[in-house]
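Protein sequence lines correspond, in order, to chains B and V.
Mapping of the first sequence onto my numbering: residues 1 to 641, in sequence order.
Mapping of the second sequence onto my numbering: residues 1001 to 1105, in sequence order.
The hints are simulated quantities; they were obtained by calculation from the structure and are not laboratory data.
Here a beta-carbon is modelled for each residue, glycine too, at the ideal position from N, C-alpha and C.
Heads up, a few of these hints could be off.
Claimed, not checked - Here's a subset of chain B near chain V, in silico, CB distances under 8 Å, partners left out: (1) P257; (2) D298; (3) K301; (4) G305.
To be verified - Below are the DSS-like pairs computed for lysine-lysine, each with C-alpha atoms no more than 27 Å apart in a straight line: (5) B:K301 - V:K1019; (6) V:K1019 - B:K254; (7) B:K39 - B:K71; (8) B:K590 - B:K600.
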Amino acid sequence: MSPTRTRTRTAARPRRAAAGPPPGGYAGKILRVNLTTGKTWAEPWGAERMREELGGAGLGARILYEEVGPKAHWDHPENRLVLATGPLAGLPVWGTGGLTVVTRGALTDGATTTQANGFFGAALKYSGWDAIVVQGQARDWVYLYINDDVVELRDARGLKGKDTWETQQALEAEHGLSGHRMSVYAIGPAGENRVRFAAIHGDYGHVASKNGCGAVMGAKRLKAVCIVRGTKALAAHDARGVIQAAEDIAHDLKTDPSAATLYRWGTLPGVANLYKLGALPIKNYSTSVTSVDMADWDPVKLRNGFDHRGHQCNACGMHHCHIQVGTGRYAGELLDEPEYEGWSGAGWTIGLTDKAAISWLNTRLDRACVDVNEFGWICGWVMECLEKGYLTEQQVGFRLTWGDVDGAYRLLQMISHREGFGDVLAEGQKRAAERVGGQAQASAVYTMKGTSPRGHDHRARWEEMLDTCTGSCGTLESGVPVHVTELGLPARINPFDGEQVATLVAGILGRRHFEDSLGGCIFTFRTRMENLARALSAATGWTYTVDEGIRFGRRTAAILRAFNLRAGIGPELEYPSERYGSQPVDGPAKDHSVMAQWEKMLDVWYAKVGYDRKSGKPRADTLKALGLDDVARDLWGKGRR
Amino acid sequence: MSGPATAPATVEVTTWVTKLVGGDGGGARLFEEPVGPGDTVADVLRRVSARFPELDRALWQPGRQTLAEHIEVLVNDAVLGVSHELSSPLRAGDRVTLLGQYMGG
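Could you build all of it, start to finish, from the sequences and the hints given here?
What follows is the structure, encoded as structure tokens:
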């Protein structure tokens, strides 16, 4: 094993701390962990760079760009695994236990930012840390234990093979702590076996799922990160101001017409609503209609038949919950209530509509640490290919038909342990489809970069397809649109007008990276940016505006894009696969072909975000306006464009 | 698709939006609205929302000339902007659906 080294094209600037305490909301230091040497150390983080990097996605993007060179692929010890929170984490703002994972991911071998919640972010801050940066590769399985200033790499060989819930249970038993008193994020068998769409799972139901960040953790032989809820003081500059902003955020969530659904039911309404729009992915995009009575899929009925137990994140008033199945085959099972993407990926995409079975499979995916979206595409693809004869039973190893939950679970086991055909599938949908080829390949849903789309039928949500294909973070980079009028954009667009779609996607670029850098939740942050900026200002003492938040987010997007370009991921890959970009055969979007307008959408999007259409690079003037002179020099050299 | 000339248009209020018209946030509420000559999508929506102040506040921007952003409006299963605008004539038998805007994964 080679020792870890830092190779950068841009010399890393020190994150020196200024004299005096850090701004409110910050712990003021970053925990560095080198798994190769077994050393851990504190890196001071100064106020100037804090404002520039904020935390989460912004901090991680900078670290990735400065410390991971083009030859340090996703499974190389030099790759960094950044587990970061942000300045609102641990403060009394709803959903502020947030964790953002930033790394070079396994599906695209490019930049990744992906979020989860629970208690991790708050526990980290209360222990005196703003982020953890893991580098190197352990000789054998370890877990990272943090309890205030006690930071240790501990033997995790006994945890190997355990799923994520079992791992958390074992660590809770070992330390005699549970519930809110200790946060655990871990990988299961899929991560251990470097399945390219392995996720990092934590706190019984929260998942940083995108672009194989769990495979990166597996490559480093880091089984888990375990943080005792610490005892360090965490101060806000203006505590009353934070509370006032938090109350306004909560008010928005309870009263705004769309956010109120999240407050009451989370993302459950998505199933029935997206079906009406033609955006519910049914049977691997092979159809957009069903004979199932969708009246049974509204949120009230989705919760019928289950016993609910509150499972809220840090400081959160939303209604995330665990469910216990009352009757039938899964009676007594304690499961995490699926979010919308659980219902789609573990359900509709694979032709499964038994609600208890979907809930059970969804939790099994979490426990194995497999991204539910990518699993849905792969499992649905195998089902369709077997039905149509593009794959044989001999190739797959058994017969798998639409809606077969036992077969789907068997496939999950094969993938998680890389057994038989599961080893091919463990490489992700794009690589598996390319390996099989022919009509099977033409039936697979993926982006040419290798990312998995979210759990929607994007042929009726063009903005998300464009965002998925052009984004540089391994998943949606701009979406979903929220409070767009605050940014001067129209309240609604024609979803099948490419120019309007591209203008919207470009117009909202920046908001999501800003949100994902604060240490909170995508759902509780469905409020006006003004409220988030107010909360940040009150926490830190800065005067932070919506404009600065957008500029910050766009700076993060440009850094991630520059990283990807350096890694060889360019505009030639900004396309959907044949099936992903196909015209639906039925349903509300059947008369609309996204590919007929794709090039126009790219033209508009590139022009609006200030990137060069041919090379994919952010233009030099764009980078300069964002304060990224160093990135401009790297991308354009002296002869700036 | 249009129905008989004497038939009204249907306004379907679904899932969470039903809370704004006296429902529990689930299922759908149907309102049969007479459609006269020259009636537009906006006219019919204004007539319905005038009876439900909470819906009225959520559906419209101040002035009630343009829609706010958080409720999707479909006409005959197509999102507003595809086959109909607010100013488009509505015919007997047409179906207008109000959906809560979808906000996340």
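Going through the hints against the structure:
1. P257: holds (4 Å)
2. D298: holds (5 Å)
3. K301: Interface hint status for K301 of chain B: holds (6 Å vs cutoff 8 Å).
4. G305: Violated, because the Cβ-Cβ distance from G305 of chain B to chain V comes to roughly 14 Å (cut-off 8 Å).
5. B:K301 - V:K1019: Holds - the C-alpha atoms of K1019 of chain V and K301 of chain B are around 15 Å apart, at most 27 Å.
6. V:K1019 - B:K254: Distance ~13 Å between K1019 of chain V and K254 of chain B Cα, so the pair holds.
7. B:K39 - B:K71: holds (24 Å)
8. B:K590 - B:K600: holds (20 Å)
In terms of the numbered hints stated before, the structure departs from hint 4 and from no other.
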